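Those protein sequence lines, which keep their order, are chains A and B. Per numbering that gives the first Met the number 0, the first sequence runs over residues 0 to 313. Per numbering that gives the first Met the number 0, the second sequence runs over residues 0 to 84.
Possibly wrong hints are sitting among the right ones.
Part of the chain B face toward chain A, derived, beta carbon under 10 Å [as the list claims (entries may be wrong)]:
no. : residue
1   : P1
2   : D17
3   : G30
4   : P32
5   : C52
Some chain B residues flagged as far from chain A (calculated, every beta-carbon gap over 12 Å) [unchecked claim]:
no. : residue
6   : G8
7   : G18
8   : V54
9   : A72
10  : G81
11  : L82
Partial pick of chain A residues on the chain B-facing surface, computed with a CB cut under 10 Å [claimed, not checked]:
no. : residue
12  : N59
13  : M62
14  : I65
15  : Q89
16  : N149
17  : K150
18  : A153
19  : F157
20  : R160
21  : N161
22  : P274
23  : Q304
24  : S308
Note that these hints are calculated values from the structure, not bench results. Bear in mind the structure is a predicted one, so any value in this text is a computation, not a measurement. From the three backbone atoms N, C-alpha and C, an ideal C-beta is built for every residue, glycine too.
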Amino acid sequence: MPSASEFANTIKSGELIESPNEMTPEYLRELKHTLVVSGDTELISAPAYYLAAKKAPSINAFMTGIAIIQDELAHAHIAYHILEELGEDQEKLIFSRDPKSFRYPYAFDVPLDSWTELVVANGMYDQAGFCLLGDIHDKCSYGPWKRGLNKVMAEENFHLRNGRTWMKRISQAGGSAKEELQTAVDWMFPLSVEWFGLPDNLKMHSTQLEYRLKGLTNDQLRQWWLSQVVPYCEQINIKVPAHKETKDGTDVYVLDYPFPCEFDAENKRWDFKKPISWDDVLVRWRERGPRNAEMVAMFQEEFHQYRKSHKNGN
Amino acid sequence: MPVNLVDLGIVYGIAEHDGLVEVDLTFTAMGCPASEFILEDIRERLMREEGVCDVHINIVWDPPWSAARMTQAGRDALEAWGLAV
Numbered sequence: 000m001p002s003a004s005e006f007a008n009t010i011k012s013g014e015l016i017e018s019p020n021e022m023t024p025e026y027l028r029e030l031k032h033t034l035v036v037s038g039d040t041e042l043i044s045a046p047a048y049y050l051a052a053k054k055a056p057s058i059n060a061f062m063t064g065i066a067i068i069q070d071e072l073a074h075a076h077i078a079y080h081i082l083e084e085l086g087e088d089q090e091k092l093i094f095s096r097d098p099k100s101f102r103y104p105y106a107f108d109v110p111l112d113s114w115t116e117l118v119v120a121n122g123m124y125d126q127a128g129f130c131l132l133g134d135i136h137d138k139c140s141y142g143p144w145k146r147g148l149n150k151v152m153a154e155e156n157f158h159l160r161n162g163r164t165w166m167k168r169i170s171q172a173g174g175s176a177k178e179e180l181q182t183a184v185d186w187m188f189p190l191s192v193e194w195f196g197l198p199d200n201l202k203m204h205s206t207q208l209e210y211r212l213k214g215l216t217n218d219q220l221r222q223w224w225l226s227q228v229v230p231y232c233e234q235i236n237i238k239v240p241a242h243k244e245t246k247d248g249t250d251v252y253v254l255d256y257p258f259p260c261e262f263d264a265e266n267k268r269w270d271f272k273k274p275i276s277w278d279d280v281l282v283r284w285r286e287r288g289p290r291n292a293e294m295v296a297m298f299q300e301e302f303h304q305y306r307k308s309h310k311n312g313n
Numbered sequence: 000m001p002v003n004l005v006d007l008g009i010v011y012g013i014a015e016h017d018g019l020v021e022v023d024l025t026f027t028a029m030g031c032p033a034s035e036f037i038l039e040d041i042r043e044r045l046m047r048e049e050g051v052c053d054v055h056i057n058i059v060w061d062p063p064w065s066a067a068r069m070t071q072a073g074r075d076a077l078e079a080w081g082l083a084v
């Protein structure tokens, strides 16, 4: 095991870490935490998307939805497989943890109830995943994960394409279809903005940045996401509560509402007149949202049932 | 996918008559999850050509597609992407 200063030099030099005996215990802990968040996010997107994909408007659309879910499970597998190589028990991680201890973005706990909400998730949540994983792919100091992400990035593009193509199609249809799309964007846009976490002025120190497990700060990632989503929504005539400004010669996206603010998860409604603190947001995140237990049960219950009924080799 | 449809070998034929373009097209699998996107892309691209006023795409399954139908450029692109072909 390297000393702290040897390890700091390796990280600073830009070299990749390839195995646990090249890491400090602190790096190993932070790497595992980052992988758990990534694996949990990909895994939980599968039941979240499946419950909405069932409402696909055609067999072809359903096939696309199912293919996306298959990709997400494969991406989760990459993260959990690396965790196993680092000494964790994949089976325990997936099937024996309490639902509330899963570490995925709160947005997935709010039910996606229609095909329209699913395609907005593909356009916005997958864009968030694309920014976060794209940054890790670009900067990650752990070689096996960085290489594994090559294909993940290519496949995430397909999910984005599904989201954007359908959002455009639904917007062009006009009438109640477009209204439904706008309603979905109204509650899903701010949830995606929240996805990137505490703003930089409240997050004084990032161990992930120090260890090159990521390269961009929360606010930089949020700006990247906004720079992709806001212009696209404007192009397809869907309103979003953010706009572009030029500050000191640089384009920045500014939110048109207090961030963070009150969210009613049951009714999928934001109250832009009620700003809240980040402590309040963290409380909401820790309590998890309406669909957390149901989604985790979707894969845990059957696993334990199967184990029980096959324990004697029957 | 980092490979164009011609190099992938799924375009079986193309003909134009009085501005109408007819394309014979197959997919690599009957359950291709990107089939709608591919159809849209072909229509959109061909309609950008001068003189084209309509596009008909016939989806055909005979002969079935196999990796042998890919061009060398298509193989190289997929291999660079990490697929064994």
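Verification of the hints:
1. P1: At about 7 Å, which falls below the 10 Å cut-off, the nearest Cβ of chain A leaves the hint on P1 of chain B intact, so it holds.
2. D17: Because about 29 Å separates D17 of chain B from the closest Cβ in chain A, which is outside the 10 Å limit, the hint is violated.
3. G30: 6 Å, holds
4. P32: 3 Å, holds
5. C52: 21 Å, violated
6. G8: 20 Å, holds
7. G18: Check passes; 25 Å lies beyond 12 Å.
8. V54: Since the minimum Cβ distance to chain A is about 18 Å, V54 of chain B lies beyond 12 Å and the statement holds.
9. A72: Given that every Cβ of chain A is farther than 12 Å from that of A72 of chain B, nearest at about 18 Å, it holds.
10. G81: 5 Å, violated
11. L82: Not fine: 9 Å to the nearest Cβ puts L82 of chain B too close to chain A.
12. N59: 6 Å, holds
13. M62: 5 Å, holds
14. I65: Since chain B brings a Cβ to about 7 Å from I65 of chain A, closer than 10 Å, the hint holds.
15. Q89: 23 Å, violated
16. N149: 6 Å, holds
17. K150: 5 Å, holds
18. A153: 7 Å, holds
19. F157: For F157 of chain A, the interface hint holds, since the closest Cβ of chain B sits about 7 Å away, which is under 10 Å.
20. R160: Given a least distance of 6 Å, the restraint on R160 of chain A holds.
21. N161: This interface hint holds because 8 Å falls under the 10 Å limit.
22. P274: At about 41 Å, which exceeds the 10 Å cut-off, the nearest Cβ of chain B leaves the hint on P274 of chain A violated.
23. Q304: 29 Å, violated
24. S308: Status violated, d = 31 Å.
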